[in-house]
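Residue numbers (the numbering used here), protein chains in the order written: chain P, 3 to 338; chain S, 221 to 487.
Hints are computed from structural coordinates only; laboratory data are not their basis.
Just so you know, these numbers come straight off a predicted model, no measurement behind them.
No false leads were mixed into what you were given.
Facing chain S, from chain P, some residues (calculated, C-beta under 10 Å):
1) LYS259
2) ALA273
3) LEU275
4) ASP287
5) TYR299
30 Å max Cα-Cα, derived DSS-like pairs, lysine-lysine:
6) S:LYS233 / P:LYS257
7) P:LYS215 / S:LYS465
8) P:LYS255 / S:LYS229
9) P:LYS35 / P:LYS199
10) S:LYS465 / P:LYS285
11) S:LYS288 / P:LYS257
12) P:LYS255 / S:LYS236
13) P:LYS70 / S:LYS229
14) P:LYS114 / S:LYS465
15) S:LYS486 / P:LYS285
16) S:LYS480 / P:LYS306
17) P:LYS16 / P:LYS201
18) P:LYS257 / S:LYS236
19) S:LYS243 / P:LYS255
20) P:LYS26 / P:LYS6
21) S:LYS348 / S:LYS406
22) S:LYS465 / P:LYS303
23) P:LYS228 / S:LYS486
24) S:LYS465 / P:LYS228
The following residues of chain S were derived to be distant from chain P, with all beta-carbon distances above 12 Å:
25) ALA278
26) THR279
27) ASP364
28) ASN376
Think of the CB as a built atom: it goes at the ideal place given N, C-alpha and C, for glycine as much as any other residue.
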Amino acid sequence: MQNKIIKKVIKKDKIKNWINELMKNYKVIAPVKEGDEDVFFRIIKSADDVCMDFQNTVLSPKEFFFPKSEKIFEFEGDEISDSGSKIGRKRILFGARPCDVHGLTILDNVYKGEFNDPYYLQRRENTTIISLACSEPDENCFCKSLGTGPVLCDADIIITDLGDRYFIEAKTDDVNLVNFDIIKEAAPGDVELKDIKQKESEDKITRAIELNKNLDDLHLEAESRKCLGCGCCTYICPTCTCFDVSDESMISKQKGKRFRCWDSCMFPSFALLAGGENTREEKSDRFKQRFYHKFKYYPEKYGKVMCVGCGRCTRKCPVNTDVVKIINYNKLDCNY
Amino acid sequence: MQNPYLPYKATIKSVKQETPDVKTFQLEPCNFEYMPGQFLELSILGIGEAPISITSSATRKILEISVKLMGQVTGALHELEAGDSVWIRGAYGNGFPLERFEGKEIVFVGGGIGLAPLRSLINYLIDKKNFKKIYILYGARTPDDLVFKDEFDVWNKIKNVELHVTVDKGTDDWKGNVGVVGALLKKINIAPDAVSVVCGPPIMIHFVVKDLKSLNFSDDRIISTMERMMKCGIGKCGHCNIGEKYVCIDGPVFTLGDMKGNREFKI
Ligand SMILES: Cc1cc2nc3c(=O)[nH]c(=O)nc-3n(C[C@H](O)[C@H](O)[C@H](O)COP(=O)(O)OP(=O)(O)OC[C@H]3O[C@@H](n4cnc5c(N)ncnc54)[C@H](O)[C@@H]3O)c2cc1C
Ligand code: SF4
Ligand code: SF4
Ligand code: FES
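Generate the whole structure from the sequences, applying the supplied hints.
So this is what it looks like as structure tokens:
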């Protein structure tokens, strides 16, 4: 059967009921406000915790597919047990922004391939994504220049704010997720309004990154001087994939585990070999690697850049390194 | 789903002290298939994992690695004895381009432990007998640092295999060559279509490639293995990235031609 798009609407005050319905059969991961304004994805215990009013979460939902740290196996004596790749309860990722959904498709390319990463891929297969389109994009967002936008993405279901109700677009495969009394068929007016809202939102995105540009090494070197090497840009990025692998054992060495955790190409130890040779000795080497990987190597391999325009790295960098300015830099416009 | 991160158990069958800091371990795993130039990820549980070239040839139905004591994992391995177990996964990497050697003269240039991956190919080619001539040029710091000394005689006795050994610094009883390994190229008479395979420390590769270029070796006839930090060995963790290449899956074997133009490649 062809995967047609089902169009529905739900009143805003019924969203909680919907999430409650979903929670009956799924583990639901949704945006939750912590403190005054910061919103994070959490596995929710109650639909009351869900926050629908935010620009974007501090961290992308990447960590629910590729956690900051995870066990690969445990060992005891001379036996190991694969403890990491167990399939848990089916999950719904609710409220992910389109850029972050796009980020997952970028991770897919890396974790699939000649070798499959079972930890990531099983979580991915086990999770249905309900994306929440953006109506108030941030000044640093530039998703539109990267093939998606504030609405468009690869989610299973996309919901768009129409004021007092949400518009729901679902693939027929996921029809059971929208088959509740509280969810009504969309009227032609709803479809029109949704298109208007989408256009409005798209028009709010004014930043754009230029694609297929050659990187300017001298400029990157100059920009790298102020970089602190903190790695924040890579840790909050929805498309960064690098990790470290370590073992941990009890003093007796009879029992322990192997785990992996996020790593960053911005750290000096990333390419440090036993014996002391460092193949990315200078901070500028590491700084360049981040941009070359995202905007040159990855596109050569997979046909699109390794960035979704979420703007997080620009927003959070303590010294204001701005990915858009760096990529769009044009020697002729500057006089240094 | 198959889990490529899980290693499987192998038993150490024998340990041989090659030099003060290099030991060769024969491992007995179940069904481990490999080709010359590939490597395995060796685990010591509770310590970690390290990429190690396979030094034996599968034609001999054995699995051997030669490991230099460098840090945590290699240090823990050096403590082990025959009968102990280690954990391995692999074989990984592209391996040597075997079709390039058929009926050819091959010049192997190895430095120190760098002879380990070359030995796998040397013995493979010897067993398959499909080559014109093999030159093995090998150098180490001192006579004590030469690996596979027992095999030198074996190689020397094989028709069309010629071995030359040198050390940077001789000892009183050393009667062989003294000097850099590149100088051995002058001792041999190389065919114009010969293929070279180089492995050793970066500084050695640097000079040997220069020597080979001056002997008119084209970039695609200079084959080498690259070393980079590795964690996963299967193209996921990002550590072995050199320019657009991943040493673990695109390499570790590259020709000079493959690497020219790679912005992170220095020689
Ligand atoms: C393709 C390949 C083949 C190799 N073959 C051999 C061989 O046949 N014999 C041999 O003695 N050595 C070989 N090495 C080098 C060997 O991997 C390192 O000496 C070893 O990883 C050091 O680990 P350690 O835990 O003892 O050192 P530590 O300093 O404790 O290193 C910690 C970890 O960092 C990583 N690491 C450190 N140095 C290197 C390095 N040079 N290359 C890759 N990862 C590194 C490893 O994951 C290692 O476990 C090879 C390296 C590569 C990349
Ligand atoms: S967040 Fe900024 S300062 Fe920190 S590593 Fe990235 S570019 Fe450098
Ligand atoms: S590079 Fe910056 S803008 Fe691009 S996806 Fe990563 S965090 Fe977002
Ligand atoms: S070692 Fe992990 S990507 Fe090559």
